[in-house]
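Okay, here's what each chain looks like letter by letter:
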Amino acid sequence: MTLARRIIPCLDTDGEWVVKGVQFRDLRRQGDPAELAARYDREGADEIVVLDIAASRDRRPTFLETIRRVAAALAIPLTAGGGIRTLEDARAVVRAGADKVTVNTAAVERPELLAELAAEFGSQAVVLAIDASLAKAGWQVWTRGGREPARGGGLDAIRWAAEGARRGAGEILLTSIDRDGTRSGFDIELTAAASRAVGVPVIASGGAETPEHFLEVFGRGEADAALAASIFHEGLVPIAGLKRFLAERGVTVRRTERQAPC
Amino acid sequence: MKIALVDYGAGNLPSVERAFRRLGAETERATRGEDLSRAEAIVLPGVGHFGALARALGRTGMDRALGAAIERGAALLGICLGLQALFERSDEAPEESGLGWLAGTVRPLPPEVKLPHMGWNQVRRVGPSALLEGIPDDAWFYFAHSYAAPAASAAAVAVCDYGECFAAAIESAAVRPPSRVPGSESASSDRKARWRLAAVQFHPEKSGGAGAALLENFLELAR
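If you're matching them up, the sequences are chains F and V in order. Just so you know, we're using the working numbering here: the first sequence kicks off at 366 and counts up by one. Just so you know, we're using the working numbering here: the second sequence kicks off at 46 and counts up by one.
Same shape as in the complex, but just chain F:
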């Protein structure tokens, strides 16, 4: 019995539809989040993440309705985030059916938020999302969807991950900005450094295209889970096939009962 490495499809939404956008511009609708989530559940996804990448205040009720619809369709854990600034925001998301919430910019600006969330929902429900890119010394944290260097560029991603876990985050969702959208593979060094530095699970994100990329991030990258978006939406990497690939190479993954033979 070993804890399985998790495969997590991520649904980036404009609050209502799954979208694919290039740096928040030119958002193209890729489908209905509840339908996609249910399909991934059937195919063996271990968890679903739904993000509101537009995160505009007036569209908030729409996003909460999306969470409700996705949660109703799922029998696996659901994480939701994007634009969560306060405890009250998080409450609304949990009430709508999310099992975990992700926070990013708001936690950088007010780290106490992590402890407040952990006190209310338990650490297992608090995911600290960190967007990081390689800098002169180590990796630096970015906020506001990767547009603004955190604390004037002075926040080290590995140190922030460790601090976040100490303050109450039960998981770190670590996205490499350098790799995001490049399909050149996860940032193995970044993931491994974070995984060794923190005592909570690390979810690797950014850059996946092939099954080999997942094998690498679970091996040398020491990731506990791996997240990807469009490669799943486009059917480039079917989840059941990815899990079979990993299992054949010695990675412990959860194979769902009664899978299709091919």
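Hints were generated in silico from the structure; no laboratory data involved. The structure presented is a predicted model; accordingly, all values stated were derived computationally and were not measured. Backbone N, C-alpha and C fix where the C-beta goes; we use that ideal spot for every residue, glycine too. Check before you lean on any hint, since a few could be wrong.
Only part of the chain V face toward chain F is listed, based on derived beta-carbon distances under 8 Å [claimed, not checked]:
| id | residue |
| --- | --- |
| 1 | TYR53 |
| 2 | ALA64 |
| 3 | HIS94 |
| 4 | ALA148 |
| 5 | THR150 |
| 6 | ARG152 |
| 7 | LEU160 |
| 8 | HIS162 |
| 9 | MET163 |
| 10 | ASN166 |
| 11 | ARG170 |
| 12 | TYR187 |
| 13 | HIS190 |
| 14 | TYR207 |
| 15 | ALA257 |
Take the given structure of chain F and dock chain V to it, following the hints.
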């Protein structure tokens, strides 16, 4: 048969509600002790802190109401923290008492492994289990916890390994009568057979097909 869900603000209550609804079962939320007075099937969900749960059960009179319900033969399913609550104490809140129907103390998982124990893991049967009936031995369940009940508990029917071996599922064998807690000798075995107590450390409401099968088994047990 309606399933009474003990509502003390646990985050996973709506998920449990949805999971039973998917199985076609009716649920109602129980916020006060008297809401349990006629319940035949009760679920004690749980996410969060042992101390908060213990205080909430005491404040609402739910602790006594749960005991009374068990004594008259209602079936109970504890989930996650709801399993831990059945024990006497937890290191997470040493100053609080649990329901105390099971002997032992809930302890933190060892620090050598990443905590919380978060994700999918497999369980090993160590005794006959109605909850796990028909579920394959290699099935996966979703866990999210940092504390656990001892695998050596006489009531454990399945265990899980993560840093150490702990109780993953519990069923009513060797349960003490709630009215005699703490300490006293157990009642006669024919009465014991009526206590339909079950609990799991993982989250069946989030465990896909295997979790749904387990909830179905609980409904069967409660009928």
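Hint by hint, here is what the structure shows:
1. A cut of 8 Å between beta carbons decides the hint on V:TYR53: the least distance to chain F is about 14 Å, and the hint is violated.
2. For the restraint placing V:ALA64 at the interface with chain F, the shortest Cβ-Cβ distance is roughly 7 Å, inside the 8 Å limit, so the hint holds.
3. Hint on V:HIS94 holds. Least Cβ distance to chain F is approximately 7 Å, under the 8 Å limit.
4. Taking 8 Å as the C-beta cut-off, the interface hint given for V:ALA148 is violated, the closest approach to chain F being about 25 Å.
5. With its C-beta approaching chain F no nearer than about 20 Å, V:THR150 sits outside the 8 Å limit, and its interface hint is violated.
6. Because the beta carbon of V:ARG152 sits about 17 Å from the nearest beta carbon in chain F, more than 8 Å, this interface hint is broken.
7. The interface hint given for V:LEU160 is met, as the beta carbon of that residue sits about 6 Å from the closest beta carbon of chain F, less than 8 Å.
8. For V:HIS162, the shortest C-beta to C-beta distance to chain F is roughly 7 Å, which falls under 8 Å, so the interface hint holds.
9. With its C-beta approaching chain F no nearer than about 5 Å, V:MET163 sits inside the 8 Å limit, and its interface hint holds.
10. For V:ASN166, the suggested interface contact is upheld, since its CB lies about 5 Å from the closest CB of chain F, less than 8 Å.
11. Using the Cβ-Cβ criterion of 8 Å, the hint placing V:ARG170 at the interface with chain F is not satisfied: the shortest such distance is roughly 12 Å.
12. With its C-beta approaching chain F no nearer than about 6 Å, V:TYR187 sits inside the 8 Å limit, and its interface hint holds.
13. Below 8 Å, beta-carbon pairs count as interface contacts, and V:HIS190 has one with chain F at about 7 Å; its hint therefore holds.
14. Contact between V:TYR207 and chain F, as hinted, is supported at the beta carbon level, the nearest pair being about 6 Å apart and thus within 8 Å.
15. Interface restraint check for V:ALA257: the shortest CB-CB distance to chain F comes to about 6 Å, inside 8 Å, so the restraint holds.
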